[in-house]
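Enquirer: Residue numbers (full-length UniProt numbering), protein chains in the order written: chain C, 1 to 280; chain B, 1 to 280.
It should be emphasised that the hints constitute simulated quantities derived from the structure, not laboratory data.
Bear in mind the structure is a predicted one, so any value in this text is a computation, not a measurement.
Incorrect hints may appear among the rest.
Any copy will do: because identical chains look the same in the list, a pair fits if it lies in one copy or spans two.
As the list claims (entries may be wrong) - Straight-line alpha carbon distances no greater than 25 Å define the calculated DMTMM-like cross-link-like pairs of lysine to aspartate or glutamate that follow:
1) Lys143 / Glu251
2) Lys83 / Asp99
3) Lys248 / Asp34
4) Lys83 / Glu13
5) Lys248 / Asp227
6) Lys143 / Glu194
7) Lys83 / Asp34
8) Lys143 / Glu156
9) Lys68 / Asp114
10) Lys186 / Asp99
11) Lys226 / Asp59
12) Lys83 / Glu117
13) Lys143 / Glu13
14) Lys226 / Glu13
15) Lys226 / Asp275
16) Lys83 / Glu69
17) Lys143 / Asp233
18) Lys143 / Asp59
19) Lys83 / Glu66
20) Lys248 / Glu61
21) Lys270 / Glu156
Here is what each chain is made of, one letter per residue.
Protein chains: 2
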Amino acid sequence: MILINGESKAHIEISDRGFQYGDGLFETIEVRDDQPVFLERHLARLNSGCRRLHIPCPDAELLRLEAKELCRRWHTHRRAVLKIIVTRGSGGRGYRQPDAIHPTRVLSLHPYPDYPETYSERGVVARFCATRLGLNPALAGIKHLNRLEQVMARAEWSEPDIQEGLMLDVNDYVIEGTMTNLFYVKNNSLYTAELVQSGVAGIMRGIITALSVDHGLPVIEHRFSKDELLSADEAFVCNSIIGVWPIKQIETAHFSVGPVTQRIQSWLDKFARNDCMEAG
Amino acid sequence: MILINGESKAHIEISDRGFQYGDGLFETIEVRDDQPVFLERHLARLNSGCRRLHIPCPDAELLRLEAKELCRRWHTHRRAVLKIIVTRGSGGRGYRQPDAIHPTRVLSLHPYPDYPETYSERGVVARFCATRLGLNPALAGIKHLNRLEQVMARAEWSEPDIQEGLMLDVNDYVIEGTMTNLFYVKNNSLYTAELVQSGVAGIMRGIITALSVDHGLPVIEHRFSKDELLSADEAFVCNSIIGVWPIKQIETAHFSVGPVTQRIQSWLDKFARNDCMEAG
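So here's chain C without its partners, still in its complex pose:
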């Protein structure tokens, strides 16, 4: 089920700059009981990403209405995934953008992926990817449509018992998973990569940071190596669709699902329920 600029259709002009250059952004949002979860945060990030790329962001109220309309129409699904793509639209001359930008907005609903419940409870297995994240402060943090690095990294393994690949940047610092942000726990503090040169500043990452600080758990954004990660007390990956998956194994290193990760999961559950109640 797809809305392109408010119309039900499934095709886009090939001249769209999203297709030509990856000139746009996206959001991937969990839908629970017909409600897009943390919608306002996603819309705020979309807006800030558009500002950084100088794309006029579609009106938040319009996106809100279309998102809710789409969810209502598909209400037989208890859980789903809403994807919002905004591109710089068509036109311009080569890389040069047109004088008047008419952005394209695409909202689409997808089945919720059938991840086993055990992933959240008992943890997942991760590996390190050989594909590195390039460095570019101008694009770091933005959930833009230039995702070849993630595609290349995800293509490195097909074993079904490995659930996520961890990506290093070209300087060998650990940054994130192919589709997730990464945290680790050491001596009752929470650590995650600073995303100033690469990476996507995930909504779930932001919420976890805020909740942890609120609950008195220090959160440190810094640069860290594989070895620092492997000597952690606990580690987990997160995104808006999966929530939090504890990591039980990275290659040959084993971790137990620890108390800090479990505490964060319970803060998050409560917080998400409140968000749904407010939205409903």
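Please build the complex by placing chain B on the supplied structure of chain C, with the hints as guidance.
Expert: For chain B alone, kept in the frame of chain C given last:
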């Protein structure tokens, strides 16, 4: 005029991974007297780019036939631009590619841009862009669809008397123009950036390198700074559509259109005419 997988149409499924992730490559080819110029070289680069991204490349003979069919249908235009896009097609789960990849091929013809003749003869004005090229050896050299850096750089200026923006990488080395490769001449040698961490290895760059070596002009690929470029005897930018544009000015530094650049232009003219005759 557009052919998508052999059919005349102008729209692509939004599920195409080219739109979702910029998961694909492209070629931009000059068409002269109904003939795509240097077509075999473009098809060879497309093939090698596909191999690097693990996309099965559409059959060269098929692309050749479709390219020529498109040019014939549009034969009223003496000159045109043929663009070929190949993506990983639709399917897969998130970044993960589908088990069976059915690539999408899009061939489209566009009017030749109306650049004044003076650009080739008397040179162009260039500026340095603030937007940097990120570093990633896995993607360096490939003409892939992740082009946000170029879009951002090209959006930095709108003065019509500046024809190209030169891009540095995040380490301050000069790499290329937003839509061109860059060469400079110093003491009768030709210099250009090594494209091991960023940049696009242009067809015209390859031809100029080969022709220069054939004619006894040494070509050195290396890392160079703004200052080294600004102290050059001559400089020029090139691509498959514009050929060679001498640079007459970079910000406040002035250059004259020198004998080495002119010699390269004449080698290139002759070489392109031969290619057209062979293709015709």
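Enquirer: Against this structure, judge whether each hint is valid.
Expert: Hints versus structure:
In this homomeric assembly, Lys143 and Glu251 never come within 25 Å of each other (Cα to Cα): the closest approach is 28 Å inside a single copy and 34 Å across copies. For a Cα distance limit of 25 Å, the shortest separation of Lys83 from Asp99 across copies, 23 Å, qualifies, whereas the shortest one inside one copy, 28 Å, does not. Taking identical chains as interchangeable, the C-alpha atoms of Lys248 and Asp34 are never at most 25 Å apart, the minima being 32 Å within one chain and 61 Å between chains. With identical chains, the CA atoms of Lys83 and Glu13 are at most 25 Å apart both within one copy (19 Å) and between copies (15 Å).
For a Cα distance limit of 25 Å, the shortest separation of Lys248 from Asp227 inside one copy, 16 Å, qualifies, whereas the shortest one across copies, 52 Å, does not. In the homo-oligomer, the alpha carbons of Lys143 and Glu194 lie at most 25 Å apart inside one protomer (15 Å), although the nearest pairing across protomers, at 30 Å, exceeds that limit. When the C-alpha separation of Lys83 and Asp34 is checked against a cutoff of 25 Å, the pair qualifies only within one copy, where the shortest distance is 14 Å, while the shortest distance between copies is 42 Å. For the identical chains of this complex, Lys143 and Glu156 are neighbours both inside a copy (22 Å) and across copies (21 Å), given an alpha-carbon limit of 25 Å.
Only within a single protomer do Lys68 and Asp114 lie at most 25 Å apart by alpha-carbon distance; the minimum there is 23 Å, versus 46 Å between protomers. Proximity of Lys186 and Asp99 under a CA criterion of 25 Å is satisfied in neither setting, with 51 Å inside one chain copy and 39 Å between copies. Within a single copy, Lys226 and Asp59 get their C-alpha atoms no closer than 42 Å, and across copies no closer than 42 Å, so neither meets the 25 Å cut-off. In this assembly of identical chains, the alpha carbons of Lys83 and Glu117 lie at most 25 Å apart only when taken from the same copy (23 Å versus 47 Å across copies).
Taking the closest pair of Cα atoms, Lys143 and Glu13 come within 25 Å of each other both inside a single copy (22 Å) and across two copies (21 Å). Proximity of Lys226 to Glu13 under the C-alpha cut-off of 25 Å is found in neither arrangement, the shortest distances being 43 Å within a copy and 40 Å between copies. In this homomeric assembly, Lys226 and Asp275 never come within 25 Å of each other (Cα to Cα): the closest approach is 35 Å inside a single copy and 52 Å across copies. For a Cα distance limit of 25 Å, the shortest separation of Lys83 from Glu69 inside one copy, 14 Å, qualifies, whereas the shortest one across copies, 38 Å, does not.
Taking the shortest Cα distances, Lys143 and Asp233 never come within 25 Å of each other, neither inside one copy (29 Å) nor across copies (43 Å). With identical chains, the CA atoms of Lys143 and Asp59 are at most 25 Å apart within one copy only, with a shortest distance of 18 Å there and 34 Å across copies. For a Cα distance limit of 25 Å, the shortest separation of Lys83 from Glu66 inside one copy, 12 Å, qualifies, whereas the shortest one across copies, 34 Å, does not. In this assembly of identical chains, Lys248 and Glu61 lie within 25 Å of each other by CA distance neither inside one copy nor across copies; the values are 41 Å within and 50 Å between.
Taking CA atoms no more than 25 Å apart as the test, Lys270 paired with Glu156 passes in neither setting, with 36 Å inside one copy and 45 Å between copies.
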